[in-house]
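A.B. asks: Taken in sequence, the protein lines are chains P and S.
First residue of the first sequence? That's 4 in this note's numbering, and the numbers climb one at a time after it.
First residue of the second sequence? That's 177 in this note's numbering, and the numbers climb one at a time after it.
There may be inaccurate statements among the hints.
Derived lysine-lysine pairs resembling DSS-like cross-links, with alpha carbons at most 27 Å apart [what the hints assert, rightly or not]:
| # | chain 1 | residue 1 | chain 2 | residue 2 |
| --- | --- | --- | --- | --- |
| 1 | P | K60 | S | K295 |
| 2 | P | K18 | S | K295 |
| 3 | S | K295 | S | K271 |
Quick caveat, the hints were computed from the structure, so don't treat them as lab data.
Note that this is a predicted model, so its numbers are computed, not measured.
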Amino acid sequence: MTKKKIKKPLTIDQKITRRNFISFGVFGAAAIGGVFGWKWLYHSAIETKGITGGAHKPLRRALNKTEIIFRRLFYSENHLVKTYPKSMAAKDVRYNSDIGIENNKPFDIATWKLQVKKQNGEVLNITLQDLKALPKTEIVFDFKCVEGWDQISYWGGVRFIDFITHYNLHDQTQLQYVGMETPDKTYYVGIDTPSAIHPQTILAYEVNAKPLPLDHGAPLRLIIPVKYGIKNLKRIGIISFSNTRPRDYWAELGYDYYSGL
Amino acid sequence: MRWTHWVNFPILTIMIWSGMLIYWADDEYSITLFGHTFFKFFPEWFYKKFGLVHRLSEGMAFHFLFMWFFFLNGILYVAYTLFSGEWRELVPQKKSFKEAWLVLLHDLHIRKMAPPQNKYNAAQRIAYTAIIVMGIGSVITGLAIYKPVQFYYLTWICGGYHFARILHFALTIGYVLFFVIHIVQVILAGWKNFSSVINGFEVIDTKPKPVIEKAHDEEKD
Chain P
4 MTKKKIKKPL
14 TIDQKITRRN
24 FISFGVFGAA
34 AIGGVFGWKW
44 LYHSAIETKG
54 ITGGAHKPLR
64 RALNKTEIIF
74 RRLFYSENHL
84 VKTYPKSMAA
94 KDVRYNSDIG
104 IENNKPFDIA
114 TWKLQVKKQN
124 GEVLNITLQD
134 LKALPKTEIV
144 FDFKCVEGWD
154 QISYWGGVRF
164 IDFITHYNLH
174 DQTQLQYVGM
184 ETPDKTYYVG
194 IDTPSAIHPQ
204 TILAYEVNAK
214 PLPLDHGAPL
224 RLIIPVKYGI
234 KNLKRIGIIS
244 FSNTRPRDYW
254 AELGYDYYSG
264 L
Chain S
177 MRWTHWVNFP
187 ILTIMIWSGM
197 LIYWADDEYS
207 ITLFGHTFFK
217 FFPEWFYKKF
227 GLVHRLSEGM
237 AFHFLFMWFF
247 FLNGILYVAY
257 TLFSGEWREL
267 VPQKKSFKEA
277 WLVLLHDLHI
287 RKMAPPQNKY
297 NAAQRIAYTA
307 IIVMGIGSVI
317 TGLAIYKPVQ
327 FYYLTWICGG
337 YHFARILHFA
347 LTIGYVLFFV
357 IHIVQVILAG
367 WKNFSSVING
377 FEVIDTKPKP
387 VIEKAHDEEK
397 D
């Protein structure tokens, strides 16, 4: 570093070559980076199965973060799902799944009771007659499935929030999640409490003004219009409350835990 | 402009691909006129060939991550275009709609002369502005079917859940068509034009040699 080199100003041609070199270099590097980034993501490990499962780890993180953003910024219990006149409701309500209520499983509708498990261990046993004695709410709305189809259908039952009020469960809904399971515990969903106590969430015992048929979840099913169909559990056996996410059938298989609309 | 353009390419590809994984689960769209189905989206072999079967949850997970990148990249592009004043080169002018027709005829070799232009010709102005409008449309229709309860007003604007899904799908088909034409045009425009989208300049314009000859001849389409 004894003698300073005097830099000659670059000729235009040199400048062009230089800029080209830099631009294409950066472009090439970015392209290669992109390809490697994609490969990394595409082949990233699948999460270890817990409450959620089946998704690539980074994608699961993204789903959970996205849930937080949408819940914080956009969710409001004042946002109601659009309702329709009864005449628009489908006569033949689509039946998509029988997980947890399969025909070959023994189930006696007459002895069915809804079990409500409080956090302190106390268990309430509630009959269908008890529920029918509560104020009835009906809703005609567009039921939406993750698969992409939707259908306007007509349900009747007890609003979940009315149910909570009647059985004095407000201390339970201070907790963050509500869990529901079929009596045989093979289908189960976890729902964030704000969605569960949304004014349009219903414990339904009727469809098209008639008692629920078995394949639609008799005697009692969940109708939660702010969620995809996968959360609308058929044949509720147990309701519980917790501050951690209850297990959820489809979240274990790679779907978003929140699945809110 | 250049950066967002190239960033958009892989993002949009991933969005289309993951969208296909989702669409597979309820593939009800087809082109049907007077009771005759001309084309079904998509034939079974198509799904099989590209491995699009039974991957709904995976598709959703990818779609709902890359939607953020698609959105942010779009915001960046629009913001840059506005602040740099480049929108003036891009937004169609009154005469563009008439001229675009002439450009089309010229490109199809039906007409010899193309109308004079600046950076972009009339057809490009319309196409490149339309693609941005389409991008915004995809975000809006996407949100309308993603959160139809929270964004009920978007769903309403889009003509309901059903129609929003159709629009969202149709826009995607639009991208594919745009892409095909775009690629053909890029190939026809040649390497120098292509490289200008990477390095930001077109060399011929600065080279002193052919100055006289090329005042008006230089075309970039």
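A.B. asks: Taking the hints in turn, state whether each one holds.
C.D. replies: How the hints compare with the structure:
Distance check on the hinted pair: P/K60 and S/K295 sit about 45 Å apart at the alpha-carbon level, beyond 27 Å; violated. A hinted pair counts as satisfied when its Cα atoms are at most 27 Å apart, and P/K18 with S/K295 qualifies at roughly 23 Å. In summary, the hint linking S/K295 to S/K271 is supported, as the alpha carbons are separated by about 15 Å, within the 27 Å threshold.
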